[in-house]
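Chemist: In order, the protein sequence lines correspond to chains A and B.
The numbers in the working numbering rise by one with no breaks, and the one at position 106 of the first sequence is 106.
The numbers in the working numbering rise by one with no breaks, and the one at position 493 of the second sequence is 493.
Some hints here could point you the wrong way.
[Stated by the list, open to error] Keeping only pairs whose Cα atoms sit at most 25 Å apart, straight-line, the calculated BS3-like set for lysine-lysine is:
#, chain 1, residue 1, chain 2, residue 2
1, B, 450, B, 378
2, B, 225, A, 244
3, A, 240, B, 191
4, A, 244, B, 191
5, B, 390, B, 378
No wet-lab data here; the hints were simulated from the structure.
Since this is a predicted model, take the numbers as computed values, not measurements.
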Amino acid sequence: MTELDPVIRRVLVALSGRADELALLEAGAELAARMQAELAALFVEDLGLLRASRLPGVFELGRLSAQSRRLDPVELERALRTAASQAEACLRQAAAARAIRFSFQIAQGHLQQQVLTLAGRMDAILMGAPGAAGRQRQPARPVAVLYDGSPEAGQALTLAAALAEALGVPCTALIPARDTAEYSTRLAHARLRAGGLGGLGGERTASAEAGALADAANRLRASTLVLPALRSAGEGDWLKALLKRLDCDLLLLR
Amino acid sequence: MRRTGAEAAAPTALTADRLYSRCDLAGLDFATTEALADVPGIIAQERASEAVAFGLGIRREGYNLYVMGPAGRGKRTLVLRLLETEAAQAPTPGDWVYVHNFAQPHKPRAIQLPPGRGAELRADMQRLVEDMQTAVQATFESDEYRARLDQIENEFTEREAAAFRELGQLAEGQGVALLRTPGGFGLAPTKDGEVIAPDEFEKLSDAEKARISRVLEDLHDRLHKLIRQTPRWIQEKKERIRELNREFSMLAVESLIRTLKEKYRELPEVLTYLEAVEQDLVETADEFRKPQQGQVQMMGLTMTVVPSFRRYQVNVLVDHGDNHGAPIVFPDHPSYPNLVGRIEHVEHLGALVTDFTLIKPGVLHQAAGGYLVLDVRKLLMQPYAYEALKRALRSRHVRIDSLSQLLGFAHTVSLEPEPIPLDVKVVLLGERLLYYLLYEYDPEFRELFKVMADFDDEMPRDGESSELYCRVIATLGRKESLLPFEREACARLIEHAAREAGDAERLSTDMQGLFDLLREADALARGEARETVPAAAVQAAIEARERRTGRLRARVQEEILRETIRIETGGARAGQVNGLSVVQLGDIRFAHPTRITATVRLGEGEVIDIAREVDLGGAIHSKGVLTLASFLATRYAGGLPLSLNASLVFEQTYGPVEGDSASMAELCALMSAISDVPIRQSVAVTGSVDQHGHMQAIGGVNEKIEGFFDICRARGLDGGQGVVIPQANVKHLMLRADVVEACEQGRFHVWAVANVDEAIELLTGVPAGLPDEQGVVPEGSVNYLVAAQLIQFSSLRQLYSGRLAEGEGAARRGHPKKRD
Chain A
1 MTELDPVIRR VLVALSGRAD ELALLEAGAE LAARMQAELA ALFVEDLGLL
51 RASRLPGVFE LGRLSAQSRR LDPVELERAL RTAASQAEAC LRQAAAARAI
101 RFSFQIAQGH LQQQVLTLAG RMDAILMGAP GAAGRQRQPA RPVAVLYDGS
151 PEAGQALTLA AALAEALGVP CTALIPARDT AEYSTRLAHA RLRAGGLGGL
201 GGERTASAEA GALADAANRL RASTLVLPAL RSAGEGDWLK ALLKRLDCDL
251 LLLR
Chain B
1 MRRTGAEAAA PTALTADRLY SRCDLAGLDF ATTEALADVP GIIAQERASE
51 AVAFGLGIRR EGYNLYVMGP AGRGKRTLVL RLLETEAAQA PTPGDWVYVH
101 NFAQPHKPRA IQLPPGRGAE LRADMQRLVE DMQTAVQATF ESDEYRARLD
151 QIENEFTERE AAAFRELGQL AEGQGVALLR TPGGFGLAPT KDGEVIAPDE
201 FEKLSDAEKA RISRVLEDLH DRLHKLIRQT PRWIQEKKER IRELNREFSM
251 LAVESLIRTL KEKYRELPEV LTYLEAVEQD LVETADEFRK PQQGQVQMMG
301 LTMTVVPSFR RYQVNVLVDH GDNHGAPIVF PDHPSYPNLV GRIEHVEHLG
351 ALVTDFTLIK PGVLHQAAGG YLVLDVRKLL MQPYAYEALK RALRSRHVRI
401 DSLSQLLGFA HTVSLEPEPI PLDVKVVLLG ERLLYYLLYE YDPEFRELFK
451 VMADFDDEMP RDGESSELYC RVIATLGRKE SLLPFEREAC ARLIEHAARE
501 AGDAERLSTD MQGLFDLLRE ADALARGEAR ETVPAAAVQA AIEARERRTG
551 RLRARVQEEI LRETIRIETG GARAGQVNGL SVVQLGDIRF AHPTRITATV
601 RLGEGEVIDI AREVDLGGAI HSKGVLTLAS FLATRYAGGL PLSLNASLVF
651 EQTYGPVEGD SASMAELCAL MSAISDVPIR QSVAVTGSVD QHGHMQAIGG
701 VNEKIEGFFD ICRARGLDGG QGVVIPQANV KHLMLRADVV EACEQGRFHV
751 WAVANVDEAI ELLTGVPAGL PDEQGVVPEG SVNYLVAAQL IQFSSLRQLY
801 SGRLAEGEGA ARRGHPKKRD
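Whenever a hint applies, use it, and build me the whole structure from the sequences.
Modeler: Have a look at this one:
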């Protein structure tokens, strides 16, 4: 297994109560086990959803049946609590199976803000894109990582390489570059940083903007996009914009 | 009485040379059979051989054979020898296989292939399945397949994602957020990018609320349609994946099948089958991708399930790969399932199941294109076997139906295998009786078995046949490594064959009986450490066999000698004569004297056969009695009413009596009773009589003479004893040596007569009395005395009839009848 430098302290999985998030929890547990890190889950009861349930004329449509029914706040809260319980049970099971430490928290608010608030340094945040229903983890889909040559990007590259190795899939670096020469240079550098990971692929992007990154990852049909820590103002909005367009899971290194 | 011709001289006893026809050693020009060449085929069956050859040669429907004759005549040997010659020149028929019918699994298909290629196809299909497993695994694990599969998955994933994203953007543009709920999706109005708080919503104007409501309703419909479309996308994706799998399955299958199709390109039926296999493989290639074993839960039990590819197996029903020429099949047990085949079942979870691999062939399948030889008796003893054979021959197909299905007893799922065309020549081996019964009572039999080959029981005895007979002895002896037979032994065997035929001028064709006697004589010779088999060993074997089978004969003789059964061999009695009866039980055949008595009285011309009256008399026996009664009436009562009642009895017989060989004896007893001329009890008589008094031939003449001889000899031969036989039976005489010797010495006699007059004269010692030219019969002769008595009876009858009429008339007039 590729050594991570520095060591990831905790894998933080962001949950919001969707049924397909349990697969995300499993992926997080697997990553935590490989990183010898703690597994933490943050269940966020979406504030917007709670508000919506108290508005008149707001209906819920069944995911498969398309049956329409009134979004009732009491039922919604009950459903969220049930989802949280299921998520916690799954977390316990996944952690026990891998003999890793775990923690579970519930919060109310906006998912991205809450998870960014909770995450500390050396945490890897795993979020599922809120896109289409029914994400199934596709085999052989690559792990994509943003590599702009920064030290943080290097750490993200190492994490992505470890994740790709664990999943047995290729790893592709998304390299923002002005021209081909810059791209080639950064790719070579990335390959050097990746070390033992053979066959690191590369994909040139126009920029590191959220939309461009999401489009690049979608074009690659990546299973996971790994990003270095942003530490910039508007991080939450940037993240939100990214998640709106991204079709795969997001692993954010803090 | 009618004129019967001039007086004839009483017959004299037959000389010894006429009692036994010896084999002329001068005609046997060899010392032992070692010098004789083998006989190439069966002797003395030219008619049958020609018939068999004809039947085998004609290739038309219905020309099957029935080869009949007693056992031991060489029917089987001849038939098989001719068949082997024919079969060797005939083409080797093709193999037959059963394969799975993919369209109708319960109707397995039959395919014919050239000889030896059935097993080849089976091996090829087995290899195909093994190769398929490898090919499918490799195909569906290939990068190309995975890439194509990913492409389909991603396409649909992206389509779905894009649709929801588009809706989300549309909603966002109209101030509405698309939310994920635990159970699905929701739409809610927003303010500044967030879901509006309820209290703020309340502050909105009614118009704004109405607008929001309309927008929500519109987006709600769009979302509803989008969600409803998802299952259709999923179905479409599945269909695309199915098509992809089919495409790659075809890749895996096509190359393998192409090789087989090329190999069997000249066999259209096999090609058709391979195309069906190809189709099925493409449809079910997924089975080859599954793990080799899986577990399923059934009725609370965990079962290990192994994928079955049995449907691709080939059941080789008939394999002629190692054969040359047409097959010859001669089953020992022609039961119904052995004839037409059977479908086996295996037990599975308490039920009986089957498939085409469990079809087993019958002998009809094995003989198709060749010859089937059956023992008729064995065939008829097997329930439904004969009907099945006829059905197959009529339809020219072999259909495998189980008896339970045929009779409606089957309650399990079974198969209807495709019938297999049948081109076969059937040869039935059996008895004459069965042939005639089948011919008479089964109309289909005549249609299906048009050729009859009749094996002769006997052959003419002459120099040529005697020489052939010796060669047969040589051939049979060499076949079983017996000692060579000396010339004299061969002569004795020829004489014995004549005795077996019951005719000095013929030889029995019972080769099996001859073979057995050769073995027995050989054993006796070896017991004496001889290097050749002499005549004495043959004679000893014959005598030993007679001793082995002589218990019953000895018992009867003993009872006669002890006078439990009363037979007189001395003195004379009127109305009593010694007849001779033959007993046949299995291979035991002997004769013994039977006392026949006759009584007469005044009557109305009825001759009563006591045996017939009590239903112990067979039809032929009764015919004989009626015939002699007719003779009596014709000869002696042509011009006057026959006015006697006579009774005839076979004394001390308590079983059925059949045959007319004692009718002459009965007539003589009757004439003796009428004329009161006693019959010598030292003379027995055998022979059948016709209405004109002529003596007719009978069977078993040798046994009858010997039977009476043995009794007389046991009591002491006095030179007066003997047997009267029909003239026509002289040629059948092959008497025992001791009988011939006694006759030669004058201690016993055999007389051959032509008619009743000669017989009665010998029996009574009184001239029969033939009429002269004027029709006058000598006074005191037997005929005179018979006629006189019958006239007396007639007169008495008329007298009594007249007195009776007078008496009746007087009674009517009221007067008593006048007495003389």
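Chemist: Given the hint that residue 225 of chain B pairs with residue 244 of chain A, does the C-alpha gap stay at or below 25 Å?
Modeler: Holds - the C-alpha atoms of residue 244 of chain A and residue 225 of chain B are around 21 Å apart, at most 25 Å.
Chemist: Verify the proposed pairing of residue 390 of chain B with residue 378 of chain B, using a straight-line Cα cut of 25 Å.
Modeler: Between residue 390 of chain B and residue 378 of chain B the Cα gap is close to 15 Å, so the pair holds against 25 Å.
Chemist: Check the hint pairing residue 240 of chain A with residue 191 of chain B against an upper bound of 25 Å on the C-alpha distance.
Modeler: 17 Å, holds
Chemist: Given the hint that residue 244 of chain A pairs with residue 191 of chain B, does the C-alpha gap stay at or below 25 Å?
Modeler: This hinted pair holds, its Cα atoms lying about 18 Å apart.
Chemist: Starting from residue 450 of chain B, check that the Cα of residue 378 of chain B is at most 25 Å away, please.
Modeler: With Cα atoms ~21 Å apart, residue 450 of chain B and residue 378 of chain B stay inside 25 Å; holds.
Going through the hint list in order, the structure satisfies each hint without exception.
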